[in-house]
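K.L.:
As a plain string of letters, each chain reads:
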Amino acid sequence: MTHGETVIAETKHKVPHHFDSAEQAFESSKLGLWLFLVTEILLFGGLFVAYVIFRGLYPDLFHTASQHLNKILGSINTVVLICSSLSMALAVDRVRQNDPNKAHQYMLVTLFFAACFMIIKYVEYTHKFHEGLLPGGNFTNAALAGDPKAPLFFSLYFMMTGLHGIHVLVGMGLITWVLIRSNRGEFSSSYYTPVELVGLYWHLVDLIWIYLFPLLYLIG
Amino acid sequence: MSGHAEVGNYLTHPKGLRSWLTTVDHKRIGLMYMATSMTFFFVGGIFALLIRLELMTPGLTLMSADTYNKFFTYHGAIMIFMFIIPIIPAALGNFFLPIMIGAKDVAFPRLNLASYYIFIAGAALSVWALMAHGADTGWTFYTPYSIRSNTSVVLITLGVFVMGFSSILTGLNFIVTVHKLRCPGMTFHRMPLFVWAIYATAIIQVLATPVIGITTLLLIMERLLKIGIFDPALGGDAVLFQHFFWFYSHPAVYIMILPGMGIISEVIPVFARKHIFGYKAIAYSSLAIAGISFLVWGHHMFVSGQSDLANMLFSVLTMFVAIPTAIKVFNWTATLYKGSISLKTPMLYALSFLFMFTIGGLTGLFLAALSVDVHLHDTYFVVAHFHYVMMGGTVMGLLAGLHYWWPKMFGKMVHEWSAKISWGLIFIGFNMTFFTQFFLGYLGMPRRYYDYPPEYAGLNMISTIGSWFLLAGFALMAFYFIRSLFLPGKAPANPWGGKTLEWQIASPPTEHNFPEIPTVTGKPYDYGVVKL
Numbered sequence: 086m087t088h089g090e091t092v093i094a095e096t097k098h099k100v101p102h103h104f105d106s107a108e109q110a111f112e113s114s115k116l117g118l119w120l121f122l123v124t125e126i127l128l129f130g131g132l133f134v135a136y137v138i139f140r141g142l143y144p145d146l147f148h149t150a151s152q153h154l155n156k157i158l159g160s161i162n163t164v165v166l167i168c169s170s171l172s173m174a175l176a177v178d179r180v181r182q183n184d185p186n187k188a189h190q191y192m193l194v195t196l197f198f199a200a201c202f203m204i205i206k207y208v209e210y211t212h213k214f215h216e217g218l219l220p221g222g223n224f225t226n227a228a229l230a231g232d233p234k235a236p237l238f239f240s241l242y243f244m245m246t247g248l249h250g251i252h253v254l255v256g257m258g259l260i261t262w263v264l265i266r267s268n269r270g271e272f273s274s275s276y277y278t279p280v281e282l283v284g285l286y287w288h289l290v291d292l293i294w295i296y297l298f299p300l301l302y303l304i305g
Numbered sequence: 005m006s007g008h009a010e011v012g013n014y015l016t017h018p019k020g021l022r023s024w025l026t027t028v029d030h031k032r033i034g035l036m037y038m039a040t041s042m043t044f045f046f047v048g049g050i051f052a053l054l055i056r057l058e059l060m061t062p063g064l065t066l067m068s069a070d071t072y073n074k075f076f077t078y079h080g081a082i083m084i085f086m087f088i089i090p091i092i093p094a095a096l097g098n099f100f101l102p103i104m105i106g107a108k109d110v111a112f113p114r115l116n117l118a119s120y121y122i123f124i125a126g127a128a129l130s131v132w133a134l135m136a137h138g139a140d141t142g143w144t145f146y147t148p149y150s151i152r153s154n155t156s157v158v159l160i161t162l163g164v165f166v167m168g169f170s171s172i173l174t175g176l177n178f179i180v181t182v183h184k185l186r187c188p189g190m191t192f193h194r195m196p197l198f199v200w201a202i203y204a205t206a207i208i209q210v211l212a213t214p215v216i217g218i219t220t221l222l223l224i225m226e227r228l229l230k231i232g233i234f235d236p237a238l239g240g241d242a243v244l245f246q247h248f249f250w251f252y253s254h255p256a257v258y259i260m261i262l263p264g265m266g267i268i269s270e271v272i273p274v275f276a277r278k279h280i281f282g283y284k285a286i287a288y289s290s291l292a293i294a295g296i297s298f299l300v301w302g303h304h305m306f307v308s309g310q311s312d313l314a315n316m317l318f319s320v321l322t323m324f325v326a327i328p329t330a331i332k333v334f335n336w337t338a339t340l341y342k343g344s345i346s347l348k349t350p351m352l353y354a355l356s357f358l359f360m361f362t363i364g365g366l367t368g369l370f371l372a373a374l375s376v377d378v379h380l381h382d383t384y385f386v387v388a389h390f391h392y393v394m395m396g397g398t399v400m401g402l403l404a405g406l407h408y409w410w411p412k413m414f415g416k417m418v419h420e421w422s423a424k425i426s427w428g429l430i431f432i433g434f435n436m437t438f439f440t441q442f443f444l445g446y447l448g449m450p451r452r453y454y455d456y457p458p459e460y461a462g463l464n465m466i467s468t469i470g471s472w473f474l475l476a477g478f479a480l481m482a483f484y485f486i487r488s489l490f491l492p493g494k495a496p497a498n499p500w501g502g503k504t505l506e507w508q509i510a511s512p513p514t515e516h517n518f519p520e521i522p523t524v525t526g527k528p529y530d531y532g533v534v535k536l
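Line by line, the protein sequences are chains A and B.
Under the numbering used here, think of the first position of the first sequence as 86, with each following residue one higher.
Under the numbering used here, think of the first position of the second sequence as 5, with each following residue one higher.
Derived from the structure by calculation, the hints contain no laboratory data.
Fair warning: there could be bad hints in the mix.
Straight-line C-alpha distance at most 27 angstroms; calculated BS3-like pairs for lysine-lysine [said to hold, decoys possible]:
hint, chain 1, residue 1, chain 2, residue 2
1, B, K278, B, K503
2, B, K19, B, K494
3, B, K278, A, K213
4, A, K115, A, K206
5, B, K74, B, K278
6, A, K234, B, K230
7, B, K284, B, K416
8, A, K213, A, K156
9, A, K99, B, K184
10, A, K115, A, K99
11, B, K278, A, K115
12, A, K99, B, K19
13, B, K184, B, K494
14, A, K206, B, K230
15, B, K503, B, K348
Based on the sequences and whatever the hints tell you, model everything.
P.N.:
So this is what it looks like as structure tokens:
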């Protein structure tokens, strides 16, 4: 087609015309994704700052309100996500080692863990809704009704875990996407950029939960 | 290299509307951004003229107070989010950054197109909001009023959220492009200063914009789900919103001004026929401004009940911004010294930038001083100050860049005398409109108010008449820019004798910019050896 397009052996992937080499393209994509991860941290950063401020203002309230979260389900979810990070890392490794069948299995395992996480989250959310532990002005829980500031904790809880949950869903979509592409034989040890990038993103989603869990569940 | 006998220029090759809408060529995407943002500049300008008309005389002149509140919100929101933030980086930066570093395109061309459409989607949401119930909060959406206002705050802030995405993706694309796609020999210290400025801007875009993202998201949730984080009635903190908002929006001021400074650094050496004085100082001062920009947001809250200690710290830190800024201004002036100055239109705008931006910058120091700020806070002094920076700075830089690069972008020269007359009208009009506002503010006229006592009538009248000069200047400019496209004749590849890479290729450039990837062997403004 145009100048300088090199086709990488083993896959049908073409290095985009404005790059000199496959390595330059890979390095660029990785730098781009790391920058994107920085923006994700800053996005959550706003919520973390809000958390720090209100916890500083109302330490006792955060202590009592936190008791209403289910520590066991939270812990299970933490383990589930850490396992999913491991299986994702293994999937990336298998793609890199030209072992697509194993890679597919690991990706499916990752999807399974991610789905478990969302189901447990759903159970937790429904439970909160029943108890009237809703954000801000919708708060109807009788046990905590004595403290007018109590809804704030649950506002932060729902904002932080909700935004994180959306990221988990997006991650599941992305893993499905690379799984389909991998099934079509688009990746090999010489080109696996999308798998690598989705892996990095997934680790960040996991990492954010690792911070959310103690901040919300374990302060009691 | 490619073996094509004749490669068409990027404007006509390939042809057709579809090829434009699906293009991944950074030059075409740049032009699409330019067309869109200039349209918003026109719309925002109409609202500005209407505001000035209303303020021409005390009391009701043209519109009700509610309409006035909406109009100044529209003016601010449109000008900030849809014009001045994207116009230089996403339009001129998109077009020229890859060419100036000898690349065929940005690092992620499809992402570049996606960020354009995300911008369009965000802008569409905001425009929809304006047509639904409008917004009367001012462009800052301060809580708690923005929680209670019965206008379309959710839609407009959702638009801002979406446009923020676009800004992040553009910045991310540019950072990777600068790091990974420089041609052989293009070391960091050989990059044109416009590239340094866009690079510094991109860092701010990537690091600050996510914070406005979460802020607008929280405000939307505040209105939809009553989460109460910014609502004192529910235990939240309204001033926290101001902190969040300005943590982005103050650095965003430098997203607006740094690219303008970059253009000035290009135009001054070319039209003074001299190597730029203090290349490294100008380059690194861009990064210094980007760094300090994150530490000064609190100066917007000197009278919002912030602690005295915080006030003092923010006051001192704000004054630090003056240092890298002054370094730039002194270096540009030193470049002019003993140069062979040619007063073509781009240079006229660059010199206007030097004058007016300096006034804007110095009055910024008045406002950074705590005791003075208590007197001047939320008065027309602030309005005059930031218009001197944003319009006297960024817009003058933009106009310098537009006139400087127009021949490269479209292969056409503009009529020089029309451009000079238009410059004169804009220069006079701008100073009439805004210099008067320094006095109004100093005399105590608050900003955003619909009405004022008769003592302020004279200065307000002058200010409004100035806005008509601006209208005339910009109308003439639109006319000669558009007319130039239909004139016969072709601009030469290098009409101004520029030394940077974009002037070494055809006007307009071909689809992949360079017939062969260049190798750079020297500094970007090497005028020492040129004989003219």
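K.L.:
Each hint should be assessed against the structure and marked as holding or not.
P.N.:
Hints versus structure:
A distance of roughly 11 angstroms separates the Cα atoms of K278(B) and K503(B); the hinted pair therefore holds under the 27 angstroms criterion. Taken as a hint, the K19(B) and K494(B) pair is honoured in the structure, with Cα atoms around 20 angstroms apart against an allowance of 27 angstroms. Our distance criterion of 27 angstroms between C-alpha atoms is broken by K278(B) and K213(A), whose separation comes to about 70 angstroms. With a C-alpha separation of about 31 angstroms, the suggested pairing of K115(A) with K206(A) is violated against the 27 angstroms cut-off.
Taking the CA atoms of K74(B) and K278(B), the gap is about 48 angstroms. The hint is violated against a cut of 27 angstroms. Distance restraint check for K234(A) and K230(B): the Cα-Cα separation of roughly 13 angstroms lies within the 27 angstroms cut-off, and the hinted pair is therefore satisfied. With a C-alpha separation of about 33 angstroms, the suggested pair K284(B) and K416(B) falls outside the 27 angstroms cut-off, and the hint is violated. Only pairs whose Cα atoms come within 27 angstroms are accepted, and K213(A) paired with K156(A) is accepted, the gap being roughly 13 angstroms.
Under the criterion of a C-alpha separation no larger than 27 angstroms, the hint pairing K99(A) with K184(B) is consistent with the structure, at around 18 angstroms. As the CA atoms of K115(A) and K99(A) are separated by approximately 17 angstroms, the hinted pair is consistent with the 27 angstroms bound. At most 27 angstroms may separate the alpha-carbon atoms for a hinted pair to count; K278(B) and K115(A) exceed this at roughly 40 angstroms. Note on K99(A) and K19(B): the hinted pairing holds, with a Cα-Cα distance of about 25 angstroms set against a maximum of 27 angstroms.
Pair hint K184(B) plus K494(B) does not hold up; C-alpha atoms about 34 angstroms apart against a cutoff of 27 angstroms. Between K206(A) and K230(B) the alpha-carbon distance is near 22 angstroms, which keeps this suggested pair within the 27 angstroms criterion. Taking the CA atoms of K503(B) and K348(B), the gap is near 17 angstroms; set against the 27 angstroms cutoff, the hint holds.
When held up to the earlier numbered hints, the structure conflicts with 3, 4, 5, 7, 11, 13 and fits the remainder.
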